[in-house]
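Based on the provided sequences and hints, a complete structural model is requested.
Residue numbers (the numbering used here), protein chains in the order written: chain A, 1 to 556; chain B, 1001 to 1353; chain C, 2001 to 2266.
Calculated from the structure, these hints are not laboratory results.
Please note that the accuracy of each hint is not assured.
As the list claims (entries may be wrong) - No farther apart than 27 Å at their CA atoms in a straight line, the calculated lysine-lysine pairs in the DSS-like style are these:
| hint | chain 1 | residue 1 | chain 2 | residue 2 |
| --- | --- | --- | --- | --- |
| 1 | A | K231 | C | K2121 |
| 2 | A | K184 | A | K40 |
| 3 | A | K230 | C | K2119 |
| 4 | A | K72 | A | K8 |
| 5 | C | K2119 | A | K237 |
| 6 | C | K2080 | C | K2110 |
| 7 | C | K2121 | C | K2171 |
| 8 | A | K366 | B | K1324 |
| 9 | C | K2121 | C | K2110 |
| 10 | C | K2110 | A | K542 |
| 11 | A | K231 | C | K2119 |
| 12 | A | K546 | C | K2121 |
| 13 | C | K2125 | A | K231 |
| 14 | A | K546 | C | K2144 |
| 15 | A | K542 | C | K2121 |
| 16 | C | K2173 | C | K2110 |
| 17 | C | K2067 | A | K546 |
| 18 | C | K2028 | A | K542 |
| 19 | C | K2067 | C | K2171 |
| 20 | C | K2119 | A | K542 |
| 21 | A | K542 | A | K221 |
| 22 | A | K230 | A | K219 |
| 23 | C | K2144 | A | K542 |
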Amino acid sequence: MKKSITTKEIIQKALVAGVIALSMSIIGFIALLGERELVKGWFSLGHVFLIAAPLAIAYVTVENMTHENNAKTLGVGFAIGAIASVPLILLAYIAVAVDIRQFLSNVSPALIELLTFGKDATTGSIYLLLLFGATGVFAALLNILPARVRHPLVIALAWMIGVATFSEILLGRLRSLLSRDLIKTIFAGKTLNPAFAVGVFLVALLITILWDAIGGSVKEKVAAFNPVQKKTMSAGKSLVVMVVILFLPLILGSYLSEVANNVGLYILMGLGLNIVVGFAGLLDLGYVAFFAIGAYVMGVLTSQGALGLDAGFNFWTALPISVIVATLFGIILGIPVLGMRGDYLAIVTLGFGEIIRVIAVSDLFKEIFGGAQGILQIPKPNFFGTELVQPGQLYYVILGGVLLALFIATRLRDSRLGRQWMALREDEDVAEAMGMNLVNTKLMAFATGAAFSGLSGAIFASKLTSIFPHSFNLIISINVLALIIVGGVGSIPGVFIGSLILVGLPELLREFAEYRMLIYGTLLIAMMLFKPEGFLPDQRRKRELKAEAELDGVEG
Amino acid sequence: MQERIKQIDFLGLVLWIFRTAIIVSMLWGTIATLMDNPYSARAWTDTIVAGIAQGSLYALIAIGYTLVYGVLFMINFAHGEFFMSGIMTATIFIAQPMSASGYLDRHPVIGITVIAVVTMLVSVGIANLTERIAYRPLRGAPRLVPLITAIGASFFWQYFFQGLYGSEVKAFPQIEVIVGKVNIAGIEILKSQVIVIIVTILMLAGLYFFVVKTKTGKSIRAAAENKDVARLMGIDVDRAITLTFTLGASMAGIAGVLYALVFRQIHFFMGFFPGIKAFTAAVLGGIGSIPGAALGGLFLGIFESVGPGLFLEGLGVPSPHQLKDVIAFTMLVLVLIFRPQGILGEALAEEKA
Amino acid sequence: MGIILSTRNVTKRFGGLIAVNSFEIDVKENSISSVIGPNGAGKTTFFNCITGFYEPTEGEIIFDGDKHVEGLRPDQVTLKGISRTYQNIRLFSSMTAIENILVGQHRHLKTHWVEAIYKSKRFVKEEEDALQEAIRLLNFVGLKGLGDQLARNLPYGAQRRLEIARALASKPKLLLLDEPTAGMNPNESLELMHFIRKLRDEVGITILLIEHDMKVVMGISEEIWVMDFGQKIAEGTPLEIQRNPRVIEAYLGSGAASGLNLEQGE
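Below, the structure written as structure tokens:
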């Protein structure tokens, strides 16, 4: 419902935006992001995040108010932005006057310099006020502009910021391909040259405008394809995807392959936890336990060090054993919690995860698991005589694991067992009254989940060649839970997207990695509040329609 | 459901074996330890008193879980962070400057009072902010939703305060008057522990009186009983819930001050495990029950303190004190499997679980 | 006609409260019969005892000749051939209508999950047959074309019907309907009554209802048991029940407005 806005509301909203920007600043986030300059001499990622809150809040506020005339709308935008800068201006003045670093360790000179643009407090404050005001005006403008202008503008800006953010990685990949002069025109150090940044913006703008103009008719044409053409097209698409996945390490290079491998290990865990939490609705916070068990079994069986069993196991023979042991533990730890629901289950599984970790750290099994020192000298996987040392080689081991888990998870989801899990998630009592054995159904979920996690752990151990108990803390369980929720609870594609966003991005942006848990926490809350179904929600299959269509096909 | 347990026929047997094994090994360990008698009587009393002090802290934190669970039926995972946020802020902004200027040693009572007030204010502020932003919009959502939000809130506050004050351990200043021991009935007890125990008793008694006797307290209990009916009776349920969070967070704040007096080390992660332990205590005593939380806390504190030496030492476990947390969590699992309603709880927990 | 379900001395106590007190009924095969009574009389508790949600404190429940079902788990009761619906509709709300019915067929699906992974011929065949059966049931309850909708998105009446279809999917011999017309307007109720009769005639199963709406019960039941405070206070044909002074007292005495509908029965 749109309604006109009062001065009080404007001040309230603006102050919320201001306090968010202030909070991001005093915890050190903005200053850290400020170190990543996006366009040489222009602005950094810190600036982008600094204005994010006023931009978003001004946009939403203006969107929800009645639009009388453009001047007034833009004025409201300016007011929100300008007032939002007040808390930051106060911070700048206080920081100049007294040493508040003894209290708030992250209010650094770098932060104050960023906030005041390297000027003195008064000049800097005016700049900041104007920047925030302009941000508010821009937000209001986005509301006023017609979609055909707004859309290309937003897309082009996103492209420019995106390319600039990852410029370091881009540089790494391009350096060997382009001539030195060309590199110099594109990059200044590790950041983009203004000219190139503007170029990216303009190209993206042009392409988007073009696509907006003709994209509709292209889509129509595709939609009008006959079945044979459609089949060819989807076959073509899958072929391209397959080729890309197969040659990904070559495209990515060593560093990015390593990132891809970590993402892959999380996808494996995510696929498993998605069965437990997403399909069966059993909130397991001790999921890391099975990852740890898989890793430790692999370590004990194959290590060449003092703790190794030295029984002639290699990666491939130890792998199934790791998975089986993890699965057994999935069942053993599942039995005591069979009668528990919801939040009690969550806290007890969390307890199990901690018990496993504390036991691994303690001296109790030091002779087997190495206590806090962990297990060293675990060999890498060996493939017909070649040791898979490079990330680009290990990639294929992980890919194999992911594909296997994906295959099993998909097949099970579409089977009777999958329906049992979902019924269990929806209403445990009724599910039982449908004639299903709850004990078996739950244990199957725990076992499958544990198996995938154990597989991931075993590969992890071999990939790292050494394992330590503190790698297996609660945070891993929370990471996996967060990626499932972001992707969409119960959605298999969601696991992939969630892992890319939550594991891939922080590895590419070290700054994010430092604030990873803070971001995860925020994401968990924000997703539950605004998008509980996730970014790629689970799509139920259209079975009646398909069956009818097949029937028609037979009859026709 | 009423007869959930009977549904686990053969598994009932497995669980019975599981329970028996744990109880037998506990007894075995105890007997072996006592035969061996590695510790002096003095060491045992020290351990027990430390356990009571630790248990008092658990009890104070557990109140928050119990109250919120009683009203909203959610595990407020972020409650440990309410405990941490208050004392962390007060340490940095009040206690450390006060100590540096020598004020804290000159006027310890006023000093500690100011610290306690600031701690409580911050804890209550954080608690209500969390409730307002993250929990209130989700009332009536499926049960996992607020739980996940609470987990998110927990991590958010942990790492927010890490960013705010840095990740290193902060020292809570030493206060001269409470250094050393006093002799009570022939037992030497650390002064700080005496303070913890006395303050806890006073706080719990006051809280119990407030909730049972006053009108405001009754509104909380009405909201816990049935929110719709309470609303019909003219009770502002939102206000009752705010009050619940306020009470719980105040107790957590006080626990924070006491923790600081005893351990003198403050850091951003300090709320997480005490929080989970306190939840265990709340479940142990019967969630929803205030005396239950007190009893559960005390029980867990003593058990955790005495347990490693008593049960594990005799079993020949090396460095048993590393396994303190294992004992606490095993307790939790045992209670939830075999007596989900807790020691003092009604059938409430079972029904709503 | 034989007796398909008989309860002997069924009693359920919760602490000091006696919810069901020595309740005895004999349900004839292929009949439609009802348990009626004022709110809180213990009807749903009685249903819960039959379907395994509660274990009766005392008494026997004999189904289909010689099978004792008291004290069994809900899933075991279902396997014996009893199926039910719920007073406050309990569908699997984020699954589609078809999937709900497929879950209902659980009891008749036999393939192992391993076969599902490598898609054995048997598995594919079984899934196809199950789907066809589900679509047949969907059409039977009049929900053709709504199969791919999420259960929670269906209109109220359709949800009631879907719940019946799900219960039928287990091919029960006895179907227990817990207040099937709750929340329906008179027209919808009437329609549902016709449907219930059609169900009995075409599928050939026995139906036991709990109902509140007198009109519904009187119009459809062949035999009625009246429950008040957990006890049976009357039994007989609709005509006999309507004339029974104890029934009138129980209804009017408890102030239930539905009691006034008594005389409007068939």
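Results for each hint:
1. The suggested pairing of A/K231 with C/K2121 holds, with an alpha-carbon distance near 25 Å, which does not exceed 27 Å.
2. The straight-line distance between the Cα atoms of A/K184 and A/K40 is roughly 12 Å, inside the 27 Å bound, and the hint therefore holds.
3. Taking the CA atoms of A/K230 and C/K2119, the gap is near 26 Å; set against the 27 Å cutoff, the hint holds.
4. This hinted pair checks out: A/K72 and A/K8 have alpha carbons roughly 16 Å apart, not beyond 27 Å.
5. Annotation: proposed proximity of C/K2119 to A/K237 holds, straight-line Cα distance about 25 Å (limit 27 Å).
6. Proximity of C/K2080 to C/K2110 is assessed by CA-CA distance (about 16 Å); at most 27 Å being required, the pair is judged to hold.
7. A C-alpha spacing of about 24 Å is found between C/K2121 and C/K2171, which places the hinted pair at or below 27 Å, so the restraint holds.
8. For the proposed pair A/K366 and B/K1324, the alpha carbon gap of about 17 Å is at most 27 Å, so the pair holds.
9. Proximity of C/K2121 to C/K2110 is assessed by CA-CA distance (about 13 Å); at most 27 Å being required, the pair is judged to hold.
10. The straight-line distance between the Cα atoms of C/K2110 and A/K542 is roughly 23 Å, inside the 27 Å bound, and the hint therefore holds.
11. As the CA atoms of A/K231 and C/K2119 are separated by approximately 23 Å, the hinted pair is consistent with the 27 Å bound.
12. Taking the CA atoms of A/K546 and C/K2121, the gap is near 19 Å; set against the 27 Å cutoff, the hint holds.
13. Taken as a hint, the C/K2125 and A/K231 pair is honoured in the structure, with Cα atoms around 25 Å apart against an allowance of 27 Å.
14. Of the pairs offered as hints, the one joining A/K546 and C/K2144 holds, with about 14 Å between alpha carbons and a cut-off of 27 Å not exceeded.
15. Annotation: proposed proximity of A/K542 to C/K2121 holds, straight-line Cα distance about 22 Å (limit 27 Å).
16. A distance of roughly 20 Å separates the Cα atoms of C/K2173 and C/K2110; the hinted pair therefore holds under the 27 Å criterion.
17. The hinted pair formed by C/K2067 and A/K546 fails the criterion: a straight-line CA distance of about 41 Å is larger than 27 Å.
18. Between C/K2028 and A/K542, the direct Cα distance comes to roughly 41 Å. Violation of the 27 Å bound is thereby established for this hinted pair.
19. Between C/K2067 and C/K2171 the alpha-carbon distance is near 17 Å, which keeps this suggested pair within the 27 Å criterion.
20. For the hint linking C/K2119 to A/K542, the alpha-carbon distance of about 19 Å falls within 27 Å, and the restraint holds.
21. Taking the CA atoms of A/K542 and A/K221, the gap is about 25 Å. The hint holds against a cut of 27 Å.
22. Of the supplied pair hints, the one linking A/K230 and A/K219 holds, its CA atoms being roughly 12 Å apart against a limit of 27 Å.
23. Between the alpha carbons of C/K2144 and A/K542 the distance comes to roughly 14 Å, so the proposed pair stays at or under 27 Å and holds.
Consistency with the previously given hints fails for numbers 17, 18, ordered from lowest to highest.
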